[in-house]
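Participant: Residue-level listing of the chains:
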Amino acid sequence: MEENGDIENKETGPKEVSLPGSTYVTRVKVFFEQVTLLTKFALHFFKDVFKRPYEFREFVKQCYLIGYKSFPLIAITGFIMGLVLTIQSRPTLAEFGAQSWLPGMVAISIVREMGPVITALIFAGKVGSSIGAELASMRVTEQIDAMEVSGMNPFKYIVVTRILAATLMLPILVIMADGISIYGSYMGVNIQGDVSFHLFFLQVIETLSFSDIFPATIKTFFFGFAVGLIGCYSGYNSNQGTEGVGKAANAAVVLSSLSIFVLDMIAVQITSLLT
Amino acid sequence: MDIEHLKKSFGNKDVLKDISLKIEKGENLVVLGKSGSGKSVLIKCLVGLMECDAGKIVLFGKDIAELTEEELNAVRKKIGFLFQSAALYDSMTVRENLEFPLRDKKESKEEIEALVKEALKNVGLEDTIDKMPSELSGGMRKRLGLARTLILKPEIILYDEPTTGLDPITSREISRLILDVQKKYNASSIIITHDIECAHIIANQVTVIKDGITYAKGTFEELSESKDEWVRSFFK
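Same order as they appear, the protein sequences are chains A and B.
If you're matching positions, the first sequence starts at 1 in this note's numbering and goes up one per residue.
If you're matching positions, the second sequence starts at 276 in this note's numbering and goes up one per residue.
Just chain B, with the same shape it has in the complex (with noise of 0.2 Å):
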């Protein structure tokens, strides 16, 4: 994935100014910034929720400002997206959550279940089968996500705050999972959050946006020890 000086505003508020990023395969970036610095925009204008005003987004080689509808659709199916909620469907059971996207798979009955079967034990979720997602605490809900995000076996996978709103345990736990499926599938993801101890568990690039532009580019490592006080701050 090649990100070139993405724009995007909304009225007179600019929230992206100048982004661009790179993501090598298998590489987990993890993108920092406060509250309000754009990243869950960025995030959406990666898949085509939003459309930038400026800049270039490639994917596996593809402008996706200039793919159809069909083509863009084609595409997304080799990207996941962990929504900061999950975004479960409520209507259907877990089992149907993960049914959904494989739809249009031309597998069997049994196929399809091997694979919901496949997916809920990577995440630990086996006995969730049959039930509502209302039924599910907030770290099984976004496990479930996951699962559900990772049963295409996308090549990308997009996490908008995977942690945000979970316990310190659950956090970790979240984090560890992220990390072996990167290993499993050997997927490139782009993390935004702004939980530091995620950060450390999962990234090997670290990407901090600050007013709108790609403020420092690193390893954790090296921005934890870098010379701006401001980019230092992130890490204390």
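Same shape as in the complex, but just chain A (with noise of 0.2 Å):
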């Protein structure tokens, strides 16, 4: 087999010897570089986002998988939730007198901040892996470059429709996995108590605002184009090699992940200047 995979990869010169600090020097260089390409691979998407051809029916296809194909873990997950938290909160709330707090308390919670981000970390962990081992795989098969051939736009086909599906179809997960905790706080609710449905869910609707609904469904747009931008940079970009399918899965999860926090710590002083 024609080894221009290790050609490409080799290198060559004398062995040169390392100043104290050098790899250091060299990490934070490679750490700019690595954000100067995938910056320039998010222009790429912005370019080619609204040129024709659309794919639409890959996108739709990339919705039912990433959304569709989600919502069962997501569900689970945002149940668990619900249902934990207020277990825990009780007690501290049992002691000050204020159980009747509980329902508006963790409705704000989840839906401020724990719907978002746990959803969004579960949406990295699962999506963007996913997305990240995928085209690494078409990456070393040559299945990109085989579209690329055929006279296609490969970037519009497998990239622009992962993005977009991932960052339309995380807001309404995460407006579903709200739904689900606090139905799950409602049953950790009435573990120890008996509260109606109604009265639970109106206390509720009372206690939310469209200040803590907007912009908490506005950061999960930015949320789930991270995590599919960095899935389809892990794996369209990554090396050859079955090594290379592994470590682009595990980039993409991992600096997703990164990227949510680092995004609802921007959004959280933005909304508290604007508020």
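Be aware that one or more of the hints could be misleading.
Below are the EDC-like pairs computed for lysine to aspartate or glutamate, each with C-alpha atoms no more than 16 Å apart in a straight line [to be verified]:
| hint | chain 1 | residue 1 | chain 2 | residue 2 |
| --- | --- | --- | --- | --- |
| 1 | B | 380 | A | 55 |
| 2 | B | 511 | B | 472 |
| 3 | A | 61 | B | 472 |
| 4 | A | 51 | B | 344 |
| 5 | B | 297 | B | 338 |
| 6 | A | 47 | B | 345 |
| 7 | A | 51 | B | 345 |
| 8 | B | 353 | A | 55 |
| 9 | B | 459 | B | 371 |
A short list of chain A residues far from chain B (calculated; beta carbon distances all over 12 Å) [said to hold, decoys possible]:
| hint | residue |
| --- | --- |
| 10 | 31 |
| 11 | 38 |
| 12 | 46 |
| 13 | 53 |
| 14 | 63 |
| 15 | 65 |
| 16 | 108 |
| 17 | 137 |
| 18 | 138 |
| 19 | 144 |
| 20 | 146 |
| 21 | 191 |
| 22 | 201 |
| 23 | 212 |
| 24 | 218 |
| 25 | 273 |
These are calculated hints, taken from the structure and not from any lab test.
Here the structure is a predicted model, which is why all the values come from computation and not from measurement.
Each residue gets a CB set at the ideal place from its N, CA and C atoms; glycine is no exception.
Need the complex rebuilt from these two chains, each delivered in its own frame; the hints are there to steer you.
Facilitator: Here's what the structure looks like:
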């Protein structure tokens, strides 16, 4: 088999003696190089997303795979999250005689932060790794090259559709997870109490406001975009070989998860400035 | 296709130093060379999958370095490329693999179905139409890759090691299929291989690459009787 992969990656020249601190300088340099490449990748996405053809069928297929297929896992996680948060919070509120605040407090916690962030982290693990591994595998088996050689735009067909699907599906999943979490909280309240669903729901509605829901929903679009972008970038630019597939999947999850926390931090700052 | 003084390096390593080739209409050109001599790099440069450092590649009268992305894609639609591993889309069935290159064609569903069935009949895989690529043997995957390459009736076909990994009987079948394709479509072909029997069956012309340069050119018979021992050693 032609070893052009080896030819591309072989290092030549004499081995250099490294100075103290040069490893860290190299790492910082590599970090900024990767950030630059990721930015170019994102700009390529924005350039292609508005160009014809729109690959609508592939986009719908990805929405089904990324959104619908992720729902069971997100639903289970959401339910447990609401239930556990309620059970853990109840004793502390009971000390102050404030059990009646439980539905509102849990609803705000879930809708503002825990729902979006935890759902996004689960999403990054499931979808980010799947996209990273799939695209890396396509790169290794030359499927992306085959698409390019056949005169079509593989970036548009593979990358644009997946990033768009991730961006649109995560907010929907978060909204559903929030609803299921609140129901889980209702179940948690009724383990030791006896609260009707009507009363519980009224307390949730009275507590939540537009400033709780709107910023939390907006930031999930950014979370979804980050997961899709980083998953596609890791896989599309992976090195040859099965090691590259594993690294792409791992990088997709780790970097997506980290970016979710960074974006959340930025979102919280912006929200507190505006409100 | 006209290739003039092609150069390509990776870091400090010069893979292609000075490659010049010319392929006439309807001709099968076999490129021989040792492993690591840059044959696959050459073939990827020809379709723009890799950018060359220097030299000129003229396809259908156009220098591909001067083409826009849209113009290059239009030229690529006239070229077929059979990858070493066939590069089948493993999330799609055989039918979907063959329909994929026809996506932006204006044919009706029935016409596309007919084209797909004709392509499978040409390679003897009519019964596999609804199977997944993972259910096919190595030889069947290669034949399916060839069917997908041919479905747009290309004028130039590039083959990257078409018989690598196949048993001798299947290798001969693929080689004869390539020859039949050339006769049926009057396509020009470049075949990268180090399978001498395949070269013997297919080649009108043979080029031998050594150390990144075009070392020898001629017919199979001429080169197998070459005065250069290194060239002769390929044909023993």
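Participant: Evaluate each hint against the coordinates.
Facilitator: Hints and how they fare:
1. B:380 / A:55: 14 Å, holds
2. B:511 / B:472: With a Cα-Cα distance of about 11 Å, the restraint between residue 511 (chain B) and residue 472 (chain B) holds, given a limit of 16 Å.
3. A:61 / B:472: With a Cα-Cα distance of about 45 Å, the restraint between residue 61 (chain A) and residue 472 (chain B) is violated, given a limit of 16 Å.
4. A:51 / B:344: 13 Å, holds
5. B:297 / B:338: At roughly 14 Å apart (the allowed maximum being 16 Å), residue 338 (chain B) and residue 297 (chain B) satisfy the hint.
6. A:47 / B:345: Given that 16 Å is the threshold and the Cα spacing comes to 15 Å, the pair holds.
7. A:51 / B:345: It holds: about 12 Å lies between the C-alpha atoms, which stays within 16 Å.
8. B:353 / A:55: 22 Å, violated
9. B:459 / B:371: 24 Å, violated
10. 31: 22 Å, holds
11. 38: Label holds. Min Cβ-Cβ 22 Å, cutoff 12 Å.
12. 46: Given a closest Cβ separation of 16 Å, the condition holds.
13. 53: 7 Å, violated
14. 63: At roughly 16 Å from the nearest Cβ of chain B, residue 63 (chain A) sits farther out than 12 Å, so the non-interface label holds.
15. 65: Given a closest Cβ separation of 10 Å, the condition is violated.
16. 108: Non-interface label on residue 108 (chain A) holds, nearest chain B Cβ at 42 Å vs cutoff 12 Å.
17. 137: The claim is violated: residue 137 (chain A) sits with its nearest Cβ about 8 Å from chain B, within 12 Å.
18. 138: 8 Å, violated
19. 144: Given a closest Cβ separation of 9 Å, the condition is violated.
20. 146: 4 Å, violated
21. 191: 45 Å, holds
22. 201: 43 Å, holds
23. 212: 41 Å, holds
24. 218: 33 Å, holds
25. 273: 42 Å, holds
When the structure is compared with the earlier hints, violations turn up for hints 3, 8, 9, 13, 15, 17, 18, 19, 20 and for no others.
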